[in-house]
Every structure is written in structure tokens, then in C-alpha cells.
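Novice: Letter by letter, the chains look like this.
Number of protein chains: 2
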Amino acid sequence: MRKCKVLLLGFIFLGFAQLASAQGDDPLPSWNEGDTKQSIIQFVEKVTNKDSADFVLPAERIATFDNDGCLWSEQPMYFQLFFAIDRVKALAPQHPEWKNKEPFASLLKGDVKAALAGGEKAILEIVMASHAGNTTEEFEQIVKDWVATAKHPTTKRHYTEMVYQPMLEVLNYLRANDFKTFIVSGGGIEFMRPWTEAVYGIPPEQVVGSSVKTKFEIRDGKPVIVRLPELSFMDDNVGKPVGINQHIGRRPIASFGNSDGDLQMHQWTTAGDGARFSLYVHHTDAEREWAYDRDSHIGKLDKGLDEAKKNGWTVMDMKKDWKVIYPYELK
Amino acid sequence: MRKCKVLLLGFIFLGFAQLASAQGDDPLPSWNEGDTKQSIIQFVEKVTNKDSADFVLPAERIATFDNDGCLWSEQPMYFQLFFAIDRVKALAPQHPEWKNKEPFASLLKGDVKAALAGGEKAILEIVMASHAGNTTEEFEQIVKDWVATAKHPTTKRHYTEMVYQPMLEVLNYLRANDFKTFIVSGGGIEFMRPWTEAVYGIPPEQVVGSSVKTKFEIRDGKPVIVRLPELSFMDDNVGKPVGINQHIGRRPIASFGNSDGDLQMHQWTTAGDGARFSLYVHHTDAEREWAYDRDSHIGKLDKGLDEAKKNGWTVMDMKKDWKVIYPYELK
Chain A
1 MRKCKVLLLG
11 FIFLGFAQLA
21 SAQGDDPLPS
31 WNEGDTKQSI
41 IQFVEKVTNK
51 DSADFVLPAE
61 RIATFDNDGC
71 LWSEQPMYFQ
81 LFFAIDRVKA
91 LAPQHPEWKN
101 KEPFASLLKG
111 DVKAALAGGE
121 KAILEIVMAS
131 HAGNTTEEFE
141 QIVKDWVATA
151 KHPTTKRHYT
161 EMVYQPMLEV
171 LNYLRANDFK
181 TFIVSGGGIE
191 FMRPWTEAVY
201 GIPPEQVVGS
211 SVKTKFEIRD
221 GKPVIVRLPE
231 LSFMDDNVGK
241 PVGINQHIGR
251 RPIASFGNSD
261 GDLQMHQWTT
271 AGDGARFSLY
281 VHHTDAEREW
291 AYDRDSHIGK
301 LDKGLDEAKK
311 NGWTVMDMKK
321 DWKVIYPYEL
331 K
Chain B
1 MRKCKVLLLG
11 FIFLGFAQLA
21 SAQGDDPLPS
31 WNEGDTKQSI
41 IQFVEKVTNK
51 DSADFVLPAE
61 RIATFDNDGC
71 LWSEQPMYFQ
81 LFFAIDRVKA
91 LAPQHPEWKN
101 KEPFASLLKG
111 DVKAALAGGE
121 KAILEIVMAS
131 HAGNTTEEFE
141 QIVKDWVATA
151 KHPTTKRHYT
161 EMVYQPMLEV
171 LNYLRANDFK
181 TFIVSGGGIE
191 FMRPWTEAVY
201 GIPPEQVVGS
211 SVKTKFEIRD
221 GKPVIVRLPE
231 LSFMDDNVGK
241 PVGINQHIGR
251 RPIASFGNSD
261 GDLQMHQWTT
271 AGDGARFSLY
281 VHHTDAEREW
291 AYDRDSHIGK
301 LDKGLDEAKK
311 NGWTVMDMKK
321 DWKVIYPYEL
331 K
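Taken in order, these protein sequences are the chains called A and B.
Residue 248 in this note's numbering sits at position 248 of the first sequence, and the numbers go up by one each step.
Residue 11 in this note's numbering sits at position 11 of the second sequence, and the numbers go up by one each step.
There may be inaccurate statements among the hints.
As the list claims (entries may be wrong) - List time: in silico EDC-like cross-link candidates among lysine to aspartate or glutamate, alpha-carbon distance up to 20 Å: (1) Lys222(B) to Glu307(A); (2) Lys144(A) to Glu137(B); (3) Lys222(A) to Asp273(B); (4) Lys180(B) to Asp178(A); (5) Lys180(A) to Asp178(B); (6) Lys180(A) to Glu197(B); (7) Lys215(B) to Glu137(B); (8) Lys121(B) to Glu230(B); (9) Lys303(B) to Glu217(A); (10) Lys222(A) to Asp293(B); (11) Lys180(B) to Glu45(B); (12) Lys213(A) to Glu230(B); (13) Lys180(B) to Glu60(A); (14) Lys310(B) to Asp306(A); (15) Lys222(B) to Asp273(A); (16) Lys144(B) to Asp273(A); (17) Lys144(A) to Asp273(B); (18) Lys303(B) to Asp293(B).
Claimed, not checked - Listing some non-contacts, in silico: residues in chain A with all C-beta distances to chain B over 10 Å: (19) Ala53; (20) Leu108; (21) Ile218.
No lab work stands behind these hints, which were simulated from the structure alone.
Where a beta carbon is used, it is the ideal one built from N, C-alpha and C, also for glycine.
For reference, chain A alone in the conformation it holds in the complex:
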């Protein structure tokens, strides 16, 4: 009995020691001290403090993150578009008709600008040609191979190296505080899932994104899921709260984005009862990353900036708030 008590006390002591150590460490070492960093920490501390009026049960601690421009870079164009173009090139020998058909003809000649001149319709055609017609397993392998080999034109780094170190720290910090972290992105759900677990610690079942229609069938006695060249769901703008509701089924208490495409996600998140937190990553660093907002052709942040100010959401400033951008800068 006495021995048990000693053991129990030891156990409690170890628990406290661990807690003290965790609290002593800076959970966001790549963030400069200031209001932005403090707004994140204060939010996490109040929703996890049992004595706080803002305490939130762990099961309700849902945090959603946009991907492009929020967790990894998105310039000079969405990384998924680089994938689509590489894929069109790889498939070209099977499609001789593409030589005389836009947007493929320009793309194959290396003139991306001309190919994309057709606007959304052209992009959709490229995406469907490059993202459908195979099984989910085949597509997963294609994405894995691309992620392992393709390099960004400017940095010459793998695309998955161009994730934001400070945001990785936010993801880890939230999870260490019993948050469940989700991606809610306009990007393709099956384009992200093959690598989000290794890169962000976010498992496939916590990835929400745009999708093509799929169909189950038995091929040569083996069940497969086939990717059809038809858009099923666009997880952007007004689609984000819909995607959140469909996949998660409860309202996030925190959301992170960087563009007007995240506006409705922030509105949906902050309209809930109790403590809420929404943050915009503001791309202000033309030297270390890119600088763009109200007039950008990609990741446009215009209405969102105004709404953030009006509603008291955190607008982070990349140049001012981040000590480093990419993890490889730490090495």
C-alpha cells in the first residue's frame, strides 16, 4: 500500500515535470515576438484552460487550414497546376490530337501563358485531362512520384519543401493542445492526401478539398474506384463551409487562410458561439517569398483584408512575423 503511494506520487510528479517543461518551451520558435504570435498563444491558452470561461472540450477543438498560400507557397502559380502541366506532357504521346487543340497545343509548346489565356475553361480542361481517367490507386502513385521528383522553377526545391516552417509549428502546437487539424483547400483532395501526413502530420481523413466524380466498379475481378473527368465539388469560397459541414460535421473554432477564397470559412468559423480565432497569412515578403494581395491573379486577398479588419481577425505579416519561411532555411 505504502509502495503504491510512492509510485503514484512519482507518477504525478513526472506528469507535472513534463507539463512544466512543455510550457517552458516556445511553441512557435519561428515566429517573432509580437501581437500576431500572442494572438495565437492567447487563443490556445484560453480554450484549453479549464478555469477559463472560453474553455472548449478537446472533441470540439477543430482547426481548419487552407493549403495553397497558407501552408505552402502558391507562386508563380498553384503547384497543382505545375503537376497538371507535367502530367499533360507525360500523357501527350497517347493524345496526338492535343497537338492541334487548345489549351494543350500551347502547353506542349511550353507556352503556359497562352494555354491559360482560355481562363477557367482552359484550366478545367487541363485539370480533367491530367487528373481523371485512372483509378484512385493509380492516381495516388502518380502524385507520389511527382512529389518525389518535380522541382519548383525558382527555388529548385521539391514542392513539399516549400511549406511554411512557422505554420508547421502552429499545426504541432494546436495538436499538442488536443486540436484536430484539417486541411480545407480549393486544391484537389486526392492531389493532397498522398503527402499531407508525411509533410504536415495531417492524415488523409482530415483533408477536405475539391474533387472529381468517382465510380466503383469491378475490373478483372478486382474492385477499383475510377476517377471520372467531371467536377464533383469545388471546395473554395462558399464551398468551404459546405465542405467543412460535409466532411467534419461541426464548426471549426479556428481557421487559417490567405485569400478571399477563405473568407466564407472565416465567416462560418467566427460566427459560432464562444472563443473563435481566424487568421490571414498576408504575403508581404517579396525577398524571401512573394508579396501580393489585393490585385493578385492568384491568392487574391482584397475583401478578406477589409473583413479581417472589421471583424478583428488576425492578419499576419510574413515579412515582420516570420523568422524563417521554409524548413530548409533552418538546416
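With chain A's structure known, arrange chain B on it following the hints.
Specialist: Just chain B now, kept in the frame of chain A:
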């Protein structure tokens, strides 16, 4: 330093004591000893044993469960249909035209059989009238109120009391072994989510089901998600692997169902590499529950029985395998 070692040893000892105690307990006390129970335990033991060739990493331990007839009863008709009928009755004063319009007219006269004579079209009309036209928050509250008050016509119990005690034990047993448990049901995703966490320990984000289309909008300055009277996704038969792929993004290693509607989920699950487990709940107990299979109008299990035999899936026998059916029998 010496003190630290003692504390550490104490900590390790406590860990082992806990482990031994957990293994000494029967994880499935409501299951009679026999092949069915052993097939579940053997599967879990081999995929969780690091020295086994069948070991599966915790992140990959995905188990999917049908709901109607697998986790709770589904006779004399799907419980969600009782909800729909109650809802039609509640809404009738706002719809005077229903008095002369089938299937509503028969339903309001209490003649459910005549109302459902219109087949799938009639059911869809009833479901849309009763499940759409409100916001997700309003619908959630309506479901919560119904679950708290409505009673089953035969047992006079709340519907959520008519869940299967032996299946609750399977859910707990799997989760204790680091499985993530999901519902994959033909039932409405937003009809299940308001109560699955309390009843099954399955959070909303792990519920996959059929759904209506939804739309985000700002109403009186407040963001809402509106439920539209249009089917978005039917999570049954060939829809189940599609729903699994869409929501979970990886293939389950174990699946549990009770009807031909679960056949494709079992096929998809067992076609993966490594150890796999699929089980059919076979309703064989006319006294304690219901007995039905090949000719049933609900939860028909015909082709599934043949496929289970052919593929070596476990077919559980309710009469033989379960000591109790419902949790309230234990009290």
C-alpha cells in the same frame, strides 16, 4: 539521479500493470465463445502485434461500420423513416396541400403502407419534405429533440437505446487497439451526427452517410448552411466505397455490415493488401430482435451471404453469438 531511476521504474511498472489488466479482461463480454468472437479477436491481435507479419501501423487501422441493422435495429422499418413520418406530421399544418397529395395524404391518415406503396419515389418525397428546407443548425436541433423523445412502436424504447451492446463492445475494443472507427451508412449523414458521439463514441467527422445538397449563405448578417431538397450523395451499395474514398481517403482494414448494401464496402475492404476482416451481422433472432435475410424488404442479405461464404468473411449469428442484444438488458 537515484530518485529519478526509482520514479522511472515505478512509471514503467504501472504501465505494465495496466497492460496486463487490460489483457486479462474479456474485451467482448456480450459475445458467446466461439468462432465468430475468436475471428474478431484473432484479427485484432495479429494486426496490433509488432512481431506479426500482419502488423498494421495505428494510422492505417481504419474500421467502417454500417449503421442500420449493424449498430442499431432497422425493423419494422428504418428508424430514419419513423423520424421522417413524425416530421411530416409536425410540418402538416404548414402544408395544407398535403391533405390531397400522395404520399403525404396517406401518411397523415396513418396509413404508412399506402404512403410507401409509391416505392422509392414516395420515400424520396417524404425524405426531402422532412429533411430539407432548414439550416444545418435547425435540422440538428430537430434531430436531437426527436431522438430524446420518440419511442419505438414495439419496444417502447428510445431508438438510441436499441443499439447492439455486442457491437458497442467491438467499437470500444477496436478503439482501445488504436483503430479509428467510422460509420459508413446509407442513412442521412446529418441525421446520425447529432447523436453518434454520445451513443457510439463516434464523432461527427467520422460519420459518412447519404446527404442532401447544401448551400452557404448570409441570412440577416449571419452565415448559415441551408439544406436543399435535392439528393447529393447516396451512400449505399456502390456508393459506400465512393463515400469511404471521399471522406476517409484510405481503405479500411476492417468493415462491418448486415446487408447487400454493404457488399461493395466489404469487397473494397478485403481487396486491399495484408490482413483484412469483414463481418456480416446476420439477423437470426426472431425472439430477441428480428429474423430476416434473403427475402427481406429491409436489410436484404442475399448476395452478401453467398459472397461471404465464397470469400471467407465472418457471418455472425445473432441468436447464437450474442448473449444480449440491447444495453438495457444488462441493467
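Novice: All the hints need checking, so say for each whether the structure fits it.
Specialist: Evaluation of the provided hints:
no., hint, in the structure
1, Lys222(B) to Glu307(A), "holds (14 Å)"
2, Lys144(A) to Glu137(B), "violated (39 Å)"
3, Lys222(A) to Asp273(B), "holds (12 Å)"
4, Lys180(B) to Asp178(A), "holds (16 Å)"
5, Lys180(A) to Asp178(B), "holds (16 Å)"
6, Lys180(A) to Glu197(B), "holds (16 Å)"
7, Lys215(B) to Glu137(B), "holds (13 Å)"
8, Lys121(B) to Glu230(B), "holds (13 Å)"
9, Lys303(B) to Glu217(A), "holds (16 Å)"
10, Lys222(A) to Asp293(B), "violated (26 Å)"
11, Lys180(B) to Glu45(B), "holds (16 Å)"
12, Lys213(A) to Glu230(B), "holds (17 Å)"
13, Lys180(B) to Glu60(A), "holds (17 Å)"
14, Lys310(B) to Asp306(A), "violated (63 Å)"
15, Lys222(B) to Asp273(A), "holds (12 Å)"
16, Lys144(B) to Asp273(A), "holds (19 Å)"
17, Lys144(A) to Asp273(B), "holds (19 Å)"
18, Lys303(B) to Asp293(B), "holds (10 Å)"
19, Ala53, "holds (22 Å)"
20, Leu108, "holds (31 Å)"
21, Ile218, "violated (8 Å)"
Hint compliance for this structure: hints 2, 10, 14 and 21 are not met, and every other hint is.
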